[in-house]
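Engineer: The lines below spell out each chain.
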Amino acid sequence: MDVRLMKEAGMTVCRIGEFAWSSLEPTEGYYDFAWLERAVALLAENGIKVVLGTPTAAPPAWLTHHHPDTLATETSGRPAQHGNRCHYNPSSTTYLRYVRRIVEQMAKRFGTDPRIIGWQIDNEYNRVDYSEDTGRRFQAYLKEQYGTLEALNTRWSAAYWSQTYADWREIPLPIGPHNPGLMLEFRRYVTRVWRDFQHLQCELIRQVAGDKQWITHNFMGWFDGFDHYTVAAELDFASWDWYVGTGHHNYLDSGLVHDLTRGFLNKNFWVMETQPGCVNWAENNNMLNRGEARTMAWHAVAHGADALLYWQWRSAPGGQEQLHGSLIGADGNPRPFYSEAATIGKEFAAVANQVQNTAPVNKAAILHSYDSRWSINAQRHNKALDPLDILRRFARPLAASNIGLDVVAPGTDLSQYKLVIAPAIAVLSEAESAALQQYVNDGGLLVLTVRCAQKDSANALFSTLQPGPLRETAGTEVEEYFALDSEVPVALALPGQVAAQTAGSLWAELLRPLNESTQTVARFGECNGWLDGGPAITISARNENGGQVVYVGALLNEAGQYALTSWLLTITNMQAAWPQPVEGVEFATRTDKDGSTILFVINHTRSSKEIALPQGEPFTDLLSSNSYQDVLPLEAYGVRIFAR
Amino acid sequence: MDVRLMKEAGMTVCRIGEFAWSSLEPTEGYYDFAWLERAVALLAENGIKVVLGTPTAAPPAWLTHHHPDTLATETSGRPAQHGNRCHYNPSSTTYLRYVRRIVEQMAKRFGTDPRIIGWQIDNEYNRVDYSEDTGRRFQAYLKEQYGTLEALNTRWSAAYWSQTYADWREIPLPIGPHNPGLMLEFRRYVTRVWRDFQHLQCELIRQVAGDKQWITHNFMGWFDGFDHYTVAAELDFASWDWYVGTGHHNYLDSGLVHDLTRGFLNKNFWVMETQPGCVNWAENNNMLNRGEARTMAWHAVAHGADALLYWQWRSAPGGQEQLHGSLIGADGNPRPFYSEAATIGKEFAAVANQVQNTAPVNKAAILHSYDSRWSINAQRHNKALDPLDILRRFARPLAASNIGLDVVAPGTDLSQYKLVIAPAIAVLSEAESAALQQYVNDGGLLVLTVRCAQKDSANALFSTLQPGPLRETAGTEVEEYFALDSEVPVALALPGQVAAQTAGSLWAELLRPLNESTQTVARFGECNGWLDGGPAITISARNENGGQVVYVGALLNEAGQYALTSWLLTITNMQAAWPQPVEGVEFATRTDKDGSTILFVINHTRSSKEIALPQGEPFTDLLSSNSYQDVLPLEAYGVRIFAR
Amino acid sequence: MDVRLMKEAGMTVCRIGEFAWSSLEPTEGYYDFAWLERAVALLAENGIKVVLGTPTAAPPAWLTHHHPDTLATETSGRPAQHGNRCHYNPSSTTYLRYVRRIVEQMAKRFGTDPRIIGWQIDNEYNRVDYSEDTGRRFQAYLKEQYGTLEALNTRWSAAYWSQTYADWREIPLPIGPHNPGLMLEFRRYVTRVWRDFQHLQCELIRQVAGDKQWITHNFMGWFDGFDHYTVAAELDFASWDWYVGTGHHNYLDSGLVHDLTRGFLNKNFWVMETQPGCVNWAENNNMLNRGEARTMAWHAVAHGADALLYWQWRSAPGGQEQLHGSLIGADGNPRPFYSEAATIGKEFAAVANQVQNTAPVNKAAILHSYDSRWSINAQRHNKALDPLDILRRFARPLAASNIGLDVVAPGTDLSQYKLVIAPAIAVLSEAESAALQQYVNDGGLLVLTVRCAQKDSANALFSTLQPGPLRETAGTEVEEYFALDSEVPVALALPGQVAAQTAGSLWAELLRPLNESTQTVARFGECNGWLDGGPAITISARNENGGQVVYVGALLNEAGQYALTSWLLTITNMQAAWPQPVEGVEFATRTDKDGSTILFVINHTRSSKEIALPQGEPFTDLLSSNSYQDVLPLEAYGVRIFAR
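If you're matching them up, the sequences are chains L, Z and X in order. Each number in the numbering used here corresponds to the 1-based position in the first sequence with 288 added. Each number in the numbering used here corresponds to the 1-based position in the second sequence with 288 added. Each number in the numbering used here corresponds to the 1-based position in the third sequence with 288 added.
Hints should not be assumed to be uniformly reliable.
[Stated by the list, open to error] Across the chosen pairs, the derived CB separations fall in these ranges: (1) L/A779 <-> X/E296: 32 to 38 angstroms; (2) X/S364 <-> Z/V649: 33 to 39 angstroms; (3) Z/G535 <-> L/N845: 39 to 45 angstroms; (4) L/D541 <-> X/A864: 27 to 33 angstroms.
[What the hints assert, rightly or not] Partner residues are not named here, just some residues of chain X that face chain Z (Cβ under 10 angstroms, in silico): (5) P468; (6) G469; (7) G817.
[Unchecked claim] Facing chain L, according to a computed beta carbon distance under 10 angstroms, are these residues of chain X, among others: (8) I304; (9) A308; (10) A638; (11) T893.
Keep in mind the hints are simulated off the structure, nothing from the lab. Please read all numbers here as calculations on a predicted model, not as lab measurements. For every residue, glycine included, the Cβ atom is placed at its ideal position computed from N, Cα and C.
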């Protein structure tokens with residue numbers, strides 16, 4: 289019955305098993321896979337492929353009861369409690385023994401089954417363990433990284449506040465604020481833990497499945513508990529769980545999270561979970577508006593999603609997520625949202641052929657670094673200054689201008705881009721610095737923002753002013769940085785643009801051009817006496833390949849960011865997915881290897897819109913087969929898809 | 289001297305001993321009751337009867353020092369600290385041994401003493417223990433409730449998130465959110481602990497005192513740490529401690545707490561403590577206005593209080609409650625508030641004869657269930673949605689209309705009522721459901737609200753839509769529920785009332801009438817696309833006895849709730865204590881077995897009022913002996929009492 | 289290079305060593321002072337004197353690793369973590385052994401070195417230990433204070449809530465709210481711990497240095513972790529660390545903190561640390577405005593600072609305070625703020641001769657008592673009522689009127705003052721009470737405020753109404769006190785002043801004159817029925833020496849406090865440092881033994897001002913040598929210094 293409803297809704301993939309350990313191994317060493325076999329068979333009979341989740345995010349009660357050493361230790365020193373998932377210590381030797389056994393069994397049984405198309409390892413990695421055992425492992429990790437205590441003490445300035453370590457065993461786990469070097473390395477150590485935890489499982493599956501089944505993990509968007517680039521490296525593709533929580537979908541922000549996930553492996557991704565209307569864990573679990581989920585689904589596809597799964601299918605009578613949105617109620621009947629999902633299912637099927645094998649191809653990129661977020665968030669200096677807010681301030685005007693964006697790690701090869709923005713990339717390794725220099729040398733336009741390039745890879749201040757190793761390339765340096773307690777006026781004099789007065793807040797950096805060819809294109813107005821009249825934005829001279837660096841020493845208001853963006857697009861002569869922005873309407877493209885392009889037009893508003901079409905052949909909507917000339921009418925939450 | 293001041297203030301009862309363990313048993317096994325004897329004697333000589341409190345809420349230091357296992361364990365795993373009361377584990381075997389001994393001694397000495405009219409067991413039960421011992425007891429309790437782990441696992445949907453238990457010892461105490469079944473049962477277990485703790489003491493006293501002395505406990509209003517119906521069952525009557533804390537008295541809300549306490553045993557109650565002007569533990573311990581306490585005293589009586597005691601009598605020089613309101617200062621002299629208490633004392637004495645043996649007799653009831661509050665509060669879904677707020681929204685317009693209300697448990701015999709409101713009764717046992725069906729079958733009007741009848745007694749979702757087992761009776765079901773993030777317009781078309789536009793917020797339930805005889809009397813306006821135009825309130829067809837069910841799928845604003853109430857009163861032809869409501873003035877009645885009625889008229893405002901009196905014989909105030917015809921003038925905070 | 293920059297900035301003193309334990313004793317028992325010798329020598333060669341900090345606030349990792357018993361125990365029972373300073377238990381026997389050794393070594397090496405002018409003991413004492421060992425020491429301390437348990441139980445009213453102690457070992461450490469007596473004594477015990485901790489170090493240094501080197505400690509302004517009067521007693525002078533944190537300097541409030549620190553030993557003090565523009569630990573670490581630091585420096589001097597040191601000199605590449613303001617960046621070059629510090633350095637040098645050997649000499653004092661702050665803060669009764677706010681309300685109008693203030697402990701000899709204000713001095717020992725009575729007897733004007741004289745030295749309520757032992761002297765008593773939940777009108781009828789309507793908030797005390805010669809000079813308006821029309825402010829009759837007491841039973845708004853202050857200044861015929869107040873401009877004086885006076889005129893605003901000068905000889909600015917007649921122009925943040 290449930291499977292019939294799935295099929296009727298156009299569902300083609302179903303993920304199962306991800307928290308089912310107590311059903312798969314009800315008592316130690318006794319495996320019961322019969323129910324899972326039946327489910328797989330039933331789904332397959334109805335044309336639904338299966339993604340199998342390894343159940344390691346929810347160890348059963350018998351395991352934690354008999355092996356309390358598998359429980360994670362909280363910062364308070366107390367063990368985690370059974371029953372809310374993720375109570376395990378992912379580096380516990382005992383735990384890993386049991387993980388190995390269950391995954392081995394599952395791989396053995398399902399690793400060659402053609403009905404299983406792929407695997408999800410664990411679920412939303414997030415736990416951090418603070419046991420003494422983790423303390424020792426962390427110390428060993430540090431020894432591996434630094435070699436000698438002398439090196440560690442030096443790079444951490446450990447003598448400050450008498451922290452110098454004379455024995456590796458003296459190094460504590462950071463609970464609360466601590467030495468910046470220690471704090472950064474602990475995050476990297478946690479990354480290592482997840483990488484190893486995942487690797488164990490991937491290896492067991494690949495030994496059986498080879499490349500016949502893919503492996504992914506469902507990440508959590510901006511969550512910064514570990515370095516996702518490192519952890520994603522071993523996966524076939526990345527997935528993420530997309531939840532709005534309280535409120536509604538804002539495409540100017542959410543597109544960026546899709547782009548982030550796509551950037552983990554620079555390829556298309558899956559939305560492994562999304563809400564059927566509402567969730568149960570937010571402050572206010574309101575329902576998405578009718579029609580909103582459909583725009584979200586197409587928005588995800590436009591940003592490179594190759595699948596979108598709703599979670600959860602059916603409400604269980606009990607358990608912590610009783611009230612989470614679902615397609616089928618506890619009474620076994622479709623809930624209102626089911627009809628919306630069914631529409632999406634039908635539409636996906638209708639355009640699957642044209643869309644598959646396409647992907648977003650972009651000329652603009654925005655850098656994203658976990659090191660930098662960790663570093664800044666531990667020392668915001670102005671509590672209101674969120675590094676993601678800086679990123680979004682720069683990204684939003686681009687999204688509103690229908691410029692497709694890649695979100696990539698700083699060390700990436702940037703040669704495909706004409707515009708690269710480095711928002712608050714505070715920590716910069718030598719390799720990352722070199723990659724940015726190379727990009728500019730090769731003719732790219734690099735935009736540096738406040739809080740850029742202040743620290744080395746050990747989270748220590750560079751021995752030169754910001755932007756540290758990029759000073760010469762940028763042709764400017766930061767004389768002083770300021771956490772602001774009031775707005776600062778900024779006078780824009782951007783070449784080729786109308787001069788404008790705007791304002792910045794939260795943070796300002798007083799620039800000092802290093803040579804005469806660096807041009808000051810904005811100045812601070814009267815403020816705290818230090819900034820008054822000083823350079824706020826500079827642009828370096830074009831190098832032989834046309835490369836330039838813009839340093840934006842202010843955090844501008846919306847009008848200012850839009851004016852700045854407009855200038856950057858002019859300099860780089862960037863092509864938008866649609867020439868004229870329409871408020872609330874997204875235009876985005878996916879392209880195949882031959883350059884054929886699919887254009888997605890999505891009205892994210894509750895008002896109808898009319899879009900002027902260019903002269904020429906009519907636009908034929910792949911969903912409805914309707915053709916439009918001169919004007920494209922778009923109803924509230926309307927979607928059109930065109931092959932161009 | 290103090291006792292003389294008590295007598296002069298008209299006091300007739302004094303409660304003593306409730307925290308005096310260290311004075312009654314200064315060292316282990318050595319009992320010193322001489323001081324208490326003297327106090328009892330002195331009070332008796334002055335005509336003041338004594339209520340004796342067992343001192344078990346404040347174990348002495350020697351006890352906790354020598355027996356640290358009597359200390360409660362906090363959720364952090366740390367023992368509670370001596371000195372702030374309630375540091376004991378109420379199920380500690382060691383502690384119960386000492387409790388038994390002190391209560392035995394007190395009962396032996398005072399259980400046949402005619403100067404002692406009754407006992408208060410312990411004080412404001414509230415502690416929850418999280419020791420390993422409690423863990424084992426809780427597991428044993430569950431075994432007793434569910435019989436087998438299979439049953440428990442099934443009813444809790446334990447397989448969800450891999451919680452399945454294979455051994456009773458695996459079941460944890462819930463600290464923070466957990467499985468809904470586990471959380472609900474733990475509250476019931478805590479109820480059991482208090483029931484047993486109280487029973488031990490009651491038994492010891494009754495063995496000596498028989499029914500010559502009554503036994504009560506001072507509860508704390510809406511406090512929901514345990515099921516008060518279960519715990520109150522063994523008492524002769526219920527009491528409560530009425531504190532305003534910060535701010536002032538609001539009779540529309542406070543009447544309900546008196547009604548709640550009266551409903552614990554469906555009989556009159558005592559206000560065992562109330563503030564002499566101010567308390568010391570609120571954020572802002574402001575004083576009640578002059579005159580306000582007098583209106584509060586009569587308000588309590590009007591709702592069924594048979595006594596009202598001020599706490600505390602005299603300020604101790606030290607101790608945590610130095611700054612709590614008192615009648616006598618640390619200097620031994622009356623404080624200003626004393627004069628107000630003395631007025632009340634005199635007035636109580638003046639009308640005691642007429643008022644005694646009367647009680648509120650009501651035709652409307654509102655249901656109140658701890659199971660439902662626990663269930664909803666653990667999963668509010670919309671954080672702003674407080675189940676008590678729902679209850680108050682329905683009760684307040686009734687209070688303002690001078691309709692006396694009973695607050696009763698859902699399983700109660702409801703045959704005396706014409707109107708029963710079930711506000712957010714989310715959890716419904718089979719017996720409770722049967723009682724409600726019986727009530728409607730017998731001709732009653734039942735009002736169901738949002739969040740009604742969603743879960744069974746194990747806190748699991750019913751296998752049918754809301755209102756679950758009441759669907760047929762209600763003639764409607766809930767197609768979908770919505771936590772709201774904005775207001776929803778609601779168009780009222782209540783039969784016999786003027787059509788009106790109003791609005792709901794926080795929560796909405798889209799109704800679906802199950803048959804044509806169910807009438808839709810309100811519809812949602814444009815909102816999230818799902819609710820738009822759908823049924824918001826339905827009323828089932830009258831059954832053969834005239835019974836009907838109204839389902840209110842919206843949480844209306846004040847105007848809406850008043851309009852709805854007005855309609856409900858019309859349908860049920862309900863008689864108010866006074867025909868025309870007067871803002872801020874309460875009219876309430878108590879009736880004796882012969883139907884003689886006392887009418888209380890209380891001006892809860894700081895403005896004077898004039899009330900039109902009906903034609904006929906004059907109204908003679910029992911307090912002043914003044915008679916009024918045509919018009920009753922009421923000064924600020926004025927009170928009149930009439931025998932009708 | 290750094291030292292050259294110090295010298296160029298006019299720096300004459302440098303504090304070093306205060307967190308350098310891991311550098312001074314890199315492994316147990318191995319001392320490396322060579323680097324410190326080099327630093328001292330280099331500084332001396334450049335004319336810079338050295339203050340040596342003992343490094344005991346930051347024990348090295350080897351110490352805490354090998355001796356975990358030296359770590360402080362937190363209220364949670366967990367040990368503090370290495371690496372954030374102050375992780376030590378200041379009464380740990382083991383720790384004190386190591387403290388003794390390092391200080392002994394430092395004293396031996398530097399205690400006779402003329403380049404070292406003085407010592408700072410530890411740094412910003414603040415840690416409180418909650419170990420069992422501290423529990424035992426606290427019990428011993430109590431035994432010493434109270435002699436017998438009977439005395440303790442009586443003075444604490446321990447029988448209340450059954451707290452009576454039968455064994456010293458039963459007395460707990462107060463974590464969270466507890467018995468007022470216990471809470472107050474624990475603060476005193478913590479004071480004892482710091483006194484002893486400091487004494488150990490002072491003794492070791494003085495044994496070598498005699499009086500050739502002074503000893504100080506850098507306190508933290510209003511921080512109330514211990515009684516600063518007791519701890520400061522052993523020092524040669526007091527110092528404090530002056531940080532603005534978020535926002536900007538407000539001279540009306542900050543002057544009071546300087547006065548507080550000066551009052552610890554009734555002599556001039558040092559500002560041992562102040563921020564070079566910004567800090568790193570506030571919510572928003574904004575920079576001081578250009579010029580603001582200069583006004584702050586002179587403001588400190590005007591209030592008795594004899595030195596002002598910036599912290600920190602140079603940004604370390606790592607460590608928790610990477611982003612703290614500094615004079616030299618991590619790149620080794622001066623930051624913008626350096627120029628401002630250099631200006632101040634030059635100006636200090638220019639007037640050093642005239643200013644040295646002068647000090648503020650005042651006729652008005654405001655009392656400050658840790659006992660009272662602890663007592664009130666533990667029982668605010670109205671959460672918004674901050675005892676420091678009361679103090680500031682009375683002090684601010686005096687500061688705005690250019691009346692120099694001493695902030696002194698209640699037991700001090702007050703004979704030099706004409707006006708003494710006792711803001712919220714709730715706890716009053718017999719000696720303190722006697723000192724105040726003596727002051728009034730001798731002809732002084734004493735101002736009592738709300739929350740005055742309510743409790744004895746064991747934090748127990750007096751057995752008379754407020755102001756307890758001062759009732760007769762004050763000629764009035766407090767009939768009742770009220771935490772207010774709304775404003776109360778107050779009608780001022782101050783003799784010799786225009787009658788005025790003003791308002792009070794937060795708290796009110798209804799006064800009752802004890803005799804006819806006490807004059808009521810303000811009355812409450814309509815409020816809660818209790819206060820209405822009652823006395824709000826009284827003044828006692830002049831005694832034979834002219835002494836009087838004003839009791840201010842209201843907490844007036846700004847206009848009210850200014851009117852009240854104006855009246856108090858008239859009564860006492862107080863002389864201001866400048867006859868006419870100028871908004872935002874401070875006039876303050878320092879005087880030498882011969883009565884020669886230096887007048888500081890400081891414009892704390894960002895606007896220029898013009899000040900009318902009295903007829904007579906011109907005013908010659910010691911900084912610029914400019915002379916002014918008739919009018920003194922003052923630029924934004926301008927400073928002038930005149931010898932009068």
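Engineer: A separate judgement is required for each hint: does it hold in the structure or not?
Structural biologist: Hints and how they fare:
For L/A779 paired with X/E296, a C-beta distance near 35 angstroms keeps the hint of 32 to 38 angstroms intact. Checking the proposed 33 to 39 angstroms range against X/S364 and Z/V649 shows it is violated: the Cβ atoms sit about 54 angstroms from each other. For Z/G535 paired with L/N845, a C-beta distance near 41 angstroms keeps the hint of 39 to 45 angstroms intact. Distance hint for L/D541 and X/A864: a CB-CB separation of about 59 angstroms, inconsistent with the stated range 27 to 33 angstroms.
Taking 10 angstroms as the C-beta contact cut-off toward chain Z, the hint placing X/P468 at the interface holds, the least distance being around 6 angstroms. Annotation: interface hint on X/G469 holds; nearest CB of chain Z at approximately 5 angstroms, less than 10 angstroms. Using the Cβ-Cβ criterion of 10 angstroms, the hint placing X/G817 at the interface with chain Z is satisfied: the shortest such distance is roughly 3 angstroms. The interface hint given for X/I304 is broken, as the beta carbon of that residue sits about 13 angstroms from the closest beta carbon of chain L, more than 10 angstroms.
Hint status for X/A308: holds, given a least beta-carbon distance of 7 angstroms to chain L, under 10 angstroms. The criterion of a C-beta within 10 angstroms of any C-beta in chain L is not met by X/A638, whose closest approach is roughly 23 angstroms, and the hint is violated. The criterion of a C-beta within 10 angstroms of any C-beta in chain L is not met by X/T893, whose closest approach is roughly 13 angstroms, and the hint is violated.
In this structure, the hints that do not hold are numbers 2, 4, 8, 10 and 11, in rising order.
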